[in-house]
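Listed below are the residues making up each chain.
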Amino acid sequence: MADIASLGVVEHPRTKARKRKLDPLWLALPGLGFLGLFLVWPTAQMLSVSVMDKVTGALTFAPFLRIWNGGPYLTVLSTTFQVALWTTVLCLVLGYPLAYWLSQKPAHQQRIAALFVLLPFWTSALIKNFSWLVLLGRNGIVAKTMAAIGLKGGDQLLFGRTTVIFAMVHTLLPLAVITMLPVMNQIDRRLTMAASTLGANGARAFWQVFFQPSIRGVASAGLLVLVASLGFFITPALVGGARETMIGQLIILQINELQNWQLGSALAAILLISTIAICFIYDRIFDLSAVTTGQGRPTKTNGPIRRAGLAMVNAAGLICGMIEEIWKRNIRGLRGGVLLSIYAWVMIALLLAPIIAFVPMAFTGSTFLSFPPPSWSGRWFEQFFASPLWLGAMTRSFGIGFATAAITLLIASMAAYGVARTRSRLGGIAFLLCLSPMMVPSIVIAIALFYLFARMGLVASNVGITIGHTVIAMPVVFMVMLATFKGYDWKLDAAASTLGAGRLRTFWRITLPLVAGGLAVGFVTGFLQSFEELTVALFVGGGIKTTLPKQMWDGILLQVSPVIAAASVVVLLVVIVMFAIIEIVQARRSPASGPAATRDS
Amino acid sequence: MSATTRISRRKLLKAAGVAATGVALPAVWSGRASAAEQITVADVGGAPGAALRTAFYDPFEKATGIRVEGVAHESDPVTQFKVIVDTNSKLWDVCMVTPDDVLRLTQEKNYLEPLEITKGPDDELIPGALMPNWFGFSAYGIVMAYRTDVYKKEAPTGWADFWNTTKFPGRRGLYRNPKGVLESALLADGVDPKNLYPLDVDRAFKMMDKIRSEVAVWWTAGAQNTQILQNGEVDMADTWSARAFAAIDSGAPVNIVWKGLYSIDGWSIPLGTTKLKQAREFVKFSMQPERQAAYSSIVANGPSNLKAYKFITPERAKVLPTLPDNLAGLTVRDYAYWGKNYAAVSERFQEWLLMGGKK
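If you read the protein sequences in the order shown, they are chains A and B. Take this note's numbering: the final residue in the first sequence is number 601, and no numbers are missing along the way. Take this note's numbering: the final residue in the second sequence is number 359, and no numbers are missing along the way.
Hint data in this document are derived by calculation from the structure and do not stem from the laboratory. Do not rely on the hints blindly, as some may be mistaken.
Restricting the straight-line Cα-Cα distance to at most 25 angstroms, the calculated cross-link-like pairs of lysine-lysine (DSS-like) are [unchecked claim]: (1) Lys54(A) <-> Lys109(B); (2) Lys82(B) <-> Lys54(A); (3) Lys54(A) <-> Lys340(B); (4) Lys109(B) <-> Lys167(B).
Using the sequences and the accompanying hints, generate a full structural model.
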């Protein structure tokens, strides 16, 4: 801790006198070292299989030629990218107004609304997809409602590309919103007010003053959603039709069923290379170093892309401004703000639908999941709490979750601090490295880790699962902490030191209390990532160290018993309690701490 | 304020540490202490896992004093199996696998210990139940199921009816995997079950083209199969007999047509286990007709030892695939064929799926 404390007051980025000091980026080293050891190295080793001849070990590109020359692979790759692109675009378009709405709320309300938005992100993919199978099924409640009001096609809702994209947007929308939110929170509202004073109406002020700085958040949200959606496999398998095969499914088929590690690794390598290429193109267009440090390289004011973008934004502002004027003149009653609120609550209701539907399903009297349940009974909860298997799994999940959260929070915060405060151009690389666990399909991480752990004697140990979960939890916790540190006003530290406080004192009395909210969010995020993780638990646990999601998976494989629903209701309660704890902690600390409250107002 | 919060932070960390070690410690003890008198058996988990405990694990401990720890393996255990043997981590002493898995576990490199068990003089095993390194104790039918509320007047009686969408209109469901599905297509085309293997893959895919537009659901997991039959998402589907029975058991109007294939779940011993003797003893134990009967009374899979039917009620026997009446319509799935051809056929199947399906 003392190390961090000594760096609590790094020199202010705008001070001209640059003392000879270590760049704060060195703080990212423990995190990067961890990822290097437990992600990059084992994954590289596994992927190297793809270019090694099975027998002689010589360099070969045979699997890549095979992918290129035929079979389902190229079609599946193109499907994967189309689905991922649609998912990304929809997440941004649907998520932006929601994030905007959230950013307008006072800090306390914002946190509660954000909890609603985030709940589906931490609910197991299996549960959500089975919920869709029940709700959107041929005889499901949606089909029946549609039939009752005379709408056709209610029995054809499942098993198509639209369903897959819908389910994926549903899963990733929270990620998009929560990435855009901190950036929007940092935009100075007084600018919009100033624009109004200068005669711009609401729409023009929004487009020409608010929209432009918020693009930074949109860009990073787009990248995260795109990268995350490339690796999906459970959703297309369960709610997709014949054509919706995604690359993740083929990787699992090759590695898990056909034991063709070479082809499987080659496919994984292609996925990884595409992801890195996307990041590179992204960097060209949006300047990722701006996303990370908030400063970026000086943009050329005359760059063609920038000019085109500005023209588009101005045009949008003009058109929307005109629409607003017409709207105001003709339809007086309904105001834009009300419409936005209605939209936001409809979105939140949609996000929560499959999760809330699970609550009554857990109290069903039947042995099957159905909505609404034919009769009521509490026996599934009795079964859950009477089973040593379920309780043992839950205890283990808690233990591993806390350990994962503590380790991840420590290394991710240090890395986030380093990246947020660095002036080095290496910051962008560190940023991408910290997000890299998102780019590697989890099945690849899991198998690669199994081989590494087998040599270290960590297979089927709680330590092994914890390390694996730390790798998986790293990106999201890192993003949370990065947003926190970037929202933090470093002038306060400078002020404290001017007033005579030492570095340690400044850290303990000023910095820590102010970022405490962010730390709490980071801890809970890490905990929940671990609490819901399946693939690593499946492999590294070796079937012996069973976590709660693994126990659910065992139960869901052959038959979905309502015990699963009962278990997920318990999980839901855990998540809500965790958030309640943050709320209480934050309320006690200071009413205006946390990332949501750091905006200037 | 900050003093109290600092203490509470420290307390919290302490608590987390205690929780973490508390979780870790019992694992260390139980892993080492009872090394000799315990074996680890990897099974499919879930409801069958619980049934295995009642029918085999607990009685085995009573009879021999050897405790059986049941752990759930991955849905397809082969990769996990290989990784465990390759890394010499000795996690499992016995593992539940299918004959297809056995072939994949012996093709390039041998991963299995020989069983060295023989059937007793009174045992009556179904064809394909015992191999030198594998013993099958529980047979399942890869058959057809339909909704009785949809086909009230005339019920489909075989795979030809499944393909006959003019006589039996309605939504179909099929497994998203060529294993079993291609056989069904050939049976529907009138191929004699005796001449099924080696599969005429071209002919099978030609038949598949005919049904493609009628298949509403390509299911991927057993649970999904039960779910779509139970809630009427499809009117007719291929199924693993116990999965359809789970829907029937819950009161859904579903019936099974005993035409198609069967395959067997069984035990193999991972190479290099330190408890070979106990593991073999356990596999031998699972051949007992009383034990198999107990298992089939809970899980709707058929005993591989037909002597078990002496201990099963006639009513229960009707839903089991190895009851001679039901077994008559079933052919054992040729694991040797699939072991050799799965990779190529699977690639073709994936390609075929991408070309079309439900619009």
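Hint by hint, here is what the structure shows:
no.: 1; hint: Lys54(A) <-> Lys109(B); result: holds, 13 angstroms
no.: 2; hint: Lys82(B) <-> Lys54(A); result: holds, 16 angstroms
no.: 3; hint: Lys54(A) <-> Lys340(B); result: holds, 18 angstroms
no.: 4; hint: Lys109(B) <-> Lys167(B); result: violated, 50 angstroms
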